[in-house]
Amino acid sequence: MTNKSDTKAGLYKETLIAGLWRENPVLRLVLGMCPTLAVTAAVKPALTMGLSVVFVLVCSNIVVSLMRNLLKPHLRILMFTLTIATFVTIADLFLKAYLPRMSETLGPYVPLIIVNCIIICRAEACASKNTLSVSIIDAVGMGAGFTLVLCVLASVRELLSTGKVFEMQLMPDAFVPWAAMSMPVGAFLTLGLMLGLVNLITKRTR
Amino acid sequence: MSKIRYFVQQSWLLIVSSFFFGLLIAATNYALSAKIEWNKTEKFNLLTSALLPGAKPELATQVEIDSIGGKKEKVNIYKAVTKTGGCIGWSFNATGPGFQDEIELVVAVDKNFRKIAGFNVLASNETPGFGDHIKDDYYQDQFKSVPVDVLKLVKTGDPKKIDSEIVAITGATVSSEAVVKIINNSLLQVKKQMQEKGLISNDK
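Chains as they are written, first to last, in our numbering: chain A, 1 to 206; chain B, 207 to 410.
Think of the hints as simulated: they come from the structure by calculation, not from any bench.
Worth double-checking, as some hints may not be accurate.
[As the list claims (entries may be wrong)] In silico SDA-like cross-links for lysine to any residue, where the CA-CA straight-line distance does not exceed 25 Å: (1) B:Lys341 x A:Met183; (2) A:Lys72 x B:Ile221; (3) B:Lys397 x B:Glu310; (4) A:Lys164 x A:Lys129; (5) A:Lys96 x B:Phe227; (6) B:Lys317 x B:Thr379; (7) B:Lys341 x A:Val176; (8) A:Lys129 x B:Ile221; (9) B:Lys262 x A:Arg101; (10) A:Lys44 x B:Lys397; (11) B:Lys341 x A:Ala180; (12) A:Lys164 x B:Lys317; (13) B:Lys249 x A:Pro111; (14) B:Lys241 x A:Pro108.
[To be verified] DEER-style ranges, computed between Cβ atoms: (15) B:Asp355 x A:Ala174: 41 to 51 Å; (16) B:Gly363 x A:Arg76: 51 to 61 Å; (17) A:Arg101 x B:Glu402: 31 to 41 Å; (18) B:Glu264 x A:Trp178: 25 to 35 Å; (19) A:Cys117 x B:Asp355: 49 to 59 Å.
Owing to the predicted nature of the structure, the values given are computational and were not obtained by experimental measurement.
Every residue, glycine too, gets a C-beta built ideally from N, C-alpha and C.
Could you put together the complete structure from these sequences and hints?
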């Protein structure tokens, strides 16, 4: 009995950590590049996007896992898209109602979560083949990994483009802001350097 | 008969889920639509108050104008009323195509509809760093106190000079032009209809 519960706890831990590092959706799987590049000019929108993705990911993984035995192979992608679109619409309406300014800042990128590869990838690779508990943990791990990377990327960009992080002044007054960091070029540069750094760490720790 | 049976066997989950998810979205929309509408009105009021300080907008009338796309469009006209009850101007929504998406503006004019009090952006998805400069003061200030007439976009000039020539934002000519076009399209049509309704005096 103890052995069985230990195996289960090990599986849960492994699933959770996979999303944070080993199979991180942005740094390892290179998925969800559109919001990663587009909404990381500042930490607040990046965090909102990350949390919206966590909500959609958890909800869609729950639904897909519950109906995994009823799914017809040729209709499964259609079912995944339908499920994801429903929860994205709910998240979009919620942001419009309770965070209208943030909803405006994020613009079309919230509805675009529907076509975010991370969510459909987790539905296909995990939720459609695993139990409810594993699917939820996978969604939380992947969502947290995505949110974390978005926030780190946004912190670097916000700091260098405005001298602030989370709208708090961190750089001295003499600091000259790098306007380019808030533009697409800043997103590509920072993401490229982050990917390079992660590859270097992985190589060294192997 | 067997074909129908096969169809139901294959797609019952999709049909049931579509119905259930549709219901879920409808329920969420029903619960949040009032709050979303309230947010929009609140933003409109806030922007109008910023353009016409000390006033609160009150719905005065509705007019129908030709949109830039050629369709008929209904526009609500708000009277900017001070605490003492005096009218200091009018405000209304003006929409039209921008560089990437539709631009929705709040346009305010003085009480006689002779001068533009200013404009502000209610909703837009213009390119960050370029087109979204239409939200900045240095572009918006060019419209303040300009006589109500056809505005013209120029690429070079003095933005501080108050006249019907609006200097475009560097690197965002399309967005600058879109704003001028939207204001031009609605301003004179709204003015004409308000004159017809007797809400403002006729200039002639």
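What hint numbers does the structure not satisfy? Of the numbered hints given earlier, those the structure breaks are 4, 6, 10, 12 and 18, listed in rising order.
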